[in-house]
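Student: Construct the complete structure from the given sequences, taking the supplied hints into account.
Going line by line, the protein sequences match chains X and P. When we follow our numbering, the leftmost residue of the first sequence carries the number 1, and every step to the right adds one. When we follow our numbering, the leftmost residue of the second sequence carries the number 1001, and every step to the right adds one.
Rather than coming from a laboratory, the hints here were simulated on the basis of the structure. Beta carbons are placed, not taken as given, at the ideal position from N, Cα and C, and that holds for glycine. Please note that the accuracy of each hint is not assured.
Unchecked claim - Computed Cβ-Cβ distance ranges for the label pairs, DEER-style: (1) X/P267 with P/S1068: 32 to 40 Å; (2) P/D1158 with X/K311: 41 to 49 Å; (3) X/G96 with P/N1240: 32 to 40 Å; (4) X/K212 with P/A1206: 36 to 44 Å; (5) X/N307 with P/D1044: 35 to 43 Å; (6) X/R231 with P/H1152: 12 to 20 Å; (7) X/G268 with P/L1063: 37 to 45 Å.
What the hints assert, rightly or not - So the derived list for chain P, only partly shown, Cβ under 7 Å to chain X, looks like this: (8) A1013; (9) S1038; (10) F1041; (11) L1062; (12) Q1065; (13) V1141; (14) I1143; (15) L1154; (16) F1227; (17) I1263; (18) V1294.
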Amino acid sequence: MRGRADEPGGKAMTAVAVGGSVARRPGLPRFLTSEHPLPWLLPSTAMMVVFGVYPLLYAIWLSLHKRNPVTRLSPFNPTWNWAKLFSDERVWGAIGHTFLYTAVAIVIELVLGMLIALLLDSDRRGYGLLRALMTLPLVVPPAVTGMMFLLMLDGSFGVLSRGLYATGLLSPETPILARASTAFFGVLLADIWQWTPFMVLIMLAGLRALPKDPFEAAAIDGASAAQAFFRLTLPLMSRIIALAVLIRGVDLFRIYDYVKVMTDGGPGTATETLTAYAGTIYFKNADFPYASTVALLTLILLIVTANIFIKIFRVRF
Amino acid sequence: MRPSLSGGVLRYAVSIFVVAVFMFPLFWWGLSSIKPRSAIFDKDRVVFFDFVPTGINYAVTLLGQSRSEAATAAGDTFGVGGASSYDSRQTIIDSIVVAVGSTALTMLLAVFAAYALSRFAFRGRQAYLGWVLSQRFMPPVAIIVPIVFMFHFLGLRDTLGGLIVIDSLINLPIAVLLMKSFFDDVPRDIDEAAMIDGATRLQTFARAVLPMVRGGIAATAVLCFIFSWTEFLLSLFLTNSIRTLPVKITTFVTSTGSEWGFIAALGTSAIVPSFIFILLVQKQLVRGLTFGSVKE
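Tutor: Next up, the structure:
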């Protein structure tokens, strides 16, 4: 995490020592008193181990079993599901959709978010209200967002569809969510609407924290606004941008709600992401071991991708 | 960086336009919730105000009026019948119980851990923080199948208690990291002064430090409430009869046609509490979304 605030250093150490010597109840070992971090951390750690770590280990154990759909038994067969991943074309399709979806959404949301943040970064009257309004999409339940766009993109009476037909971009015979080549953009639209405000907010925070001096110096040297943006604003905000991309990227990678609500992976498997596929295996085939395997694959790909990103861009929290 | 005055009006106009574009789906959603059925489904009447407003959709979903009664009362015999349950009163109560319960549980667990992570120097502290962060980044889908089995075994499947537990698990990492950042803002001198006066750590925490992070607690709790209120995937997997709002709404979509009026009414009702809450914590929102690492 970041900076000095995270280093308790000498002061806290003395504080522990002082507290410990002043009020230690006799009889209790020190690690069970409030002078030791253990009792403080125990409840939340227990929660995360019991309902977070243990299920993860359980999922790994589950993935080593082969389910027999007839007998409904799942005998131990450690390679079955993992080998199946490689021959399952839907997995490869889902990996492609997941990466494509994540990359396209991130780029659009980041660029749009930065532009809107630059636009709204003003101390003048009226801008505060606009900034407050921009936060509203963030708190709409994603499932409801999916429904909103499902209604607006309905092939017959959807307001956005009618608009698209009027501009000639689409025809009523090919509603956006019904065609494999365009359904992807329909789902993307919901994501962009809901999460561009996330980027706007974080970029605004970054813009507001920028030091004034370099910009004044650049203005004196006759730098244009574009030069100032690319040479000063972007480099100075690199940490915050990398952080925003990482947080958003992780959430995008495990996208489920919009896909489930809007297309359920369809038409066919055109918008099926990894999490959506895992859900389908669970609900439709009841093949729990294989559903776990696909979910674990999602986790592995996420960890690898996120760590590569963290290494390249040196993300710090 | 600040633009010249001449561009001021144009810039404000563009800003209003951009924000209006983002507000449109919400406007449309609210509008659809007060449209009669016939106005929603008529493809030739997709105009803004070409209808007589109706409260039917709210009466059915929020007040439990029967669907056919509502339709007959409105003189709209189109689409009467159908056995689906659109009465969502129990759903709303359940959603509130889950959101409030999980927020309370999360905060109770998080404040202690966050205080320790902010104040104690111990080996593995950074590693522990990293582990907490990784918990936040774990896709829920990776643990959902075992959670279903575990909950079945523990009798938590399809119960409010189960949803409270699982939503707390999801919120806990964010709450711990965020509360730690609020504790970090409180000077350590406060702790030291209290302990020199003879207070134990626990007394110091409860009487001296905790009152100073009230604002942070409120902001964190609001965010936890919203996350729980909007959570979809886990509720979908873990419940059959109990439904939280986001899951309930999706059941209104059927293969024989979707009841968009009811969906929009319930959807609008689901959004309103979040909007009220989020306006209360505007100032801490960025901090919350970045787990305390970006402060405004």
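Student: Run the structure past the numbered hints and jot down the numbers of the failing ones, going up.
Tutor: 5, 6, 8, 9, 11, 12, 15 and 16
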